[in-house]
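With chain A fixed as given, assemble chain B onto it according to the hints.
2 protein chains.
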Amino acid sequence: MPKKNILYAQSGGVTAVINATASGVISAARNQSELGKVYAARNGIIGALREELIDTSVLSNEVIAGLKYTPSGAFGSCRYKLKGIQENREEYERLISVFKAHNIGYFFYNGGGDSQDTAHKVSQLSQEMGFPITCIGIPKTVDNDLPFTDNCPGFGSVAKYVAISTLEASLDVASMCESSTKVFILEVMGRHAGWIAAASALAQKRSGGAPHIILFPEVIFDEEKFLDEVNKAVKQHGYCVIVASEGAKYADGQFLAQMGSKDAFGHVQLGGVAPMLANLIKSKLKLKYHWAVADYLQRAARHISSHTDVEHAFALGEAAVKLALENKNAVMPYIKRDSSSPYRWHIESVELSKVANVERTVPPEYISENGFGITEACREYLAPLIEGESYPSYQNGLPLYVRPTFTMLEKKLEQEFVIR
Amino acid sequence: MPKKNILYAQSGGVTAVINATASGVISAARNQSELGKVYAARNGIIGALREELIDTSVLSNEVIAGLKYTPSGAFGSCRYKLKGIQENREEYERLISVFKAHNIGYFFYNGGGDSQDTAHKVSQLSQEMGFPITCIGIPKTVDNDLPFTDNCPGFGSVAKYVAISTLEASLDVASMCESSTKVFILEVMGRHAGWIAAASALAQKRSGGAPHIILFPEVIFDEEKFLDEVNKAVKQHGYCVIVASEGAKYADGQFLAQMGSKDAFGHVQLGGVAPMLANLIKSKLKLKYHWAVADYLQRAARHISSHTDVEHAFALGEAAVKLALENKNAVMPYIKRDSSSPYRWHIESVELSKVANVERTVPPEYISENGFGITEACREYLAPLIEGESYPSYQNGLPLYVRPTFTMLEKKLEQEFVIR
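As they're listed, the protein sequences go chains A and B.
Counting the first sequence from 1 gives a position; my numbering is that position plus 89.
Counting the second sequence from 1 gives a position; my numbering is that position plus 89.
Excised from the complex, chain A in its bound form (with noise of 0.2 Å):
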């Protein structure tokens, strides 16, 4: 019987750092006797679906090390979550049928809590059908979310640049806060939790004090409380700087920034509280603001991304191999820290079962009393994620970042699959 290969897909939003997984599957993959080739779905389980699947075993070791300092998915991920089996089985058999067309014995799916549930279901699905697959969810996310593991891949990279980028416009706006800009407002991801806000934090002992506020998902917007504290900064220090979660609501739950459209997976589009705090300062204190969204700016940010969150992705991809070669069916491996300081880590597995749709925020006691910073317990859990730096070769001034050119599997199913 020729070897089982496996079939790796990238899911969700794409980090700085998911490709580093991808070089560590690879890599640790090409090894192993015992393994097959290792494909790459095409744009995630929408290409797994479509039979678009890329071989990776064309591509030379230089492409797969350069993966490593190359943001973005390479291979292209989705924002597509299988419904539950009873609702669409149809996705699940056309699933196993791609996988039985290819000799896939493993499925490795790179993402987020909604993936992590997806690779669960698969696994269960397969073995129903006779066809089992060894089902492996790799943890990544920037929102830093996800139950069982000490962080997230992505995670420590957007940490690193939200804490460097804060720093940075702390200064500058610190040098001209005397005749001009005197509240600086930075808007930064996390839906429902504010891991990413709560980093910028890090800041703080370089910068002399700033970031002033942070806007946590995790507590409650109260304008009145929030703007004495943006007077009581610009009275002691000159200057207020403002971290705000893109999550950031109201008592009643609305966001700060409800903008009406939703995404795939049904949850709400944000973006535009950074504005929306600026109007309010504007009309109710007067003072003169600026304000930025980083947006997509701070999850590809592979120019300064974290050598311990590099380390940590590529690490995990080189787990998932492993426990595949062990036939651990349906787990994740995960980050496990032994100490903080000085930071040690080694990786362990968990069952999918107990890790889908389970969501960590930001716990109350990693919170200041004030609901404006972060305690010293959540200063030493972050500090460690955003140590080293992890810097790409450059030519003529830009990063050399890999883009790999696909070379596709040839199709063996006759029906074609339409995403609807």
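It should be emphasised that the hints constitute simulated quantities derived from the structure, not laboratory data.
Take the hints with a grain of salt, since some may be wrong.
You can't tell identical chains apart in this list, so a pair holds if it fits in one copy or across any two.
To be verified - In silico DSSO-like cross-links for lysine-lysine, where the CA-CA straight-line distance does not exceed 30 Å: (1) K373 to K425; (2) K501 to K443; (3) K500 to K324; (4) K501 to K189; (5) K373 to K417; (6) K172 to K314; (7) K417 to K189; (8) K375 to K500; (9) K501 to K172.
It should be emphasised that the depicted structure is a prediction, and the values quoted were computed from it without experimental measurement.
The following block gives chain B in isolation, referenced to the frame of chain A:
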């Protein structure tokens, strides 16, 4: 007679490398036996008027060297333009009194066009008043809009940041566009000149073509043509990346994102082109979009400064000292390009009278025929300016930027000066 001192002042919006110029001035002046001390005005010209002067001679060589790697204005900057001598002679006379009181013989004003104009006026009046000051303007502005100089210190680093950010975000969108975001908009600085927006085009060779659309202040915004171009890019590539200058405007001169408020120079304060374009794309094309506004992050991003830019900034500081020693009055040192490939340059100087109030925008021969891109000539001009990395040192995952402790000179004048 005691040796004459230098007064150095930072002006206008700060940059990632204005402190490198300060570092160049101070380190060059320290080695000159003919010169007294270097004083720095606290918060720019406001500090000079208030007699708030910082003694830089007590700062260690390590701190001065560290300034080369530190963004923002270490001594404080300001947005405060002196009026014409006829309108407000009092301010100029006050400056001369402060210069007399502290035996200042040289005034180095580090700023954009307005500052060169002020330095020129101070030079004229000081002669009229019988206390001649050698006034030297040192160029600085991320807008890159000063005449004579090949480029303005601060611009190369913003250009590099914007090119890298555009590259990274473009890879991100490319990997998600099959099922998610189709249009990404990045708003960058550049009120009247589109140099920063133009620099995003340097990403094109690495990104496979993005950005697809650049909006310049120099090109009148045509909604229909713009929407057609967005549609074309999405059809051809699956996605569209847009880099919009904050100064993009309609045929009637109205900014796309007029916000109504004005800064201290009387300029309209901008912000919000990106969300405005996003709304347009949403309502007219019904495409899924994301947008980012880089704002201060771009001009403060010392972590990814251009080495070329840092070298320019430092060398211009040194050159100012050399000009002072040669008693060249009312001049500005500038970068003269000798060749583009390889990039070679040297420093020359020009009379301030020729610099003041001349604005250099992106010329028509640098903008592509359809108005949405740059020409090869522009690419050749821009490419060397982002060359080389100049990384700061890091500790605990964050850059080691210096924040000097200020030793203020004792005030000698009886009268306080109140800024109106």
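Consistency of the hints with the structure:
| no. | hint | result |
| --- | --- | --- |
| 1 | K373 to K425 | neither (46 Å within a copy, 49 Å between copies) |
| 2 | K501 to K443 | neither (35 Å within a copy, 73 Å between copies) |
| 3 | K500 to K324 | between (67 Å within a copy, 25 Å between copies) |
| 4 | K501 to K189 | within (10 Å within a copy, 88 Å between copies) |
| 5 | K373 to K417 | neither (58 Å within a copy, 50 Å between copies) |
| 6 | K172 to K314 | neither (42 Å within a copy, 40 Å between copies) |
| 7 | K417 to K189 | within (20 Å within a copy, 81 Å between copies) |
| 8 | K375 to K500 | neither (63 Å within a copy, 33 Å between copies) |
| 9 | K501 to K172 | within (25 Å within a copy, 77 Å between copies) |
Comparing the model with each earlier hint shows violations of hints 1, 2, 5, 6, 8; every other hint is respected.
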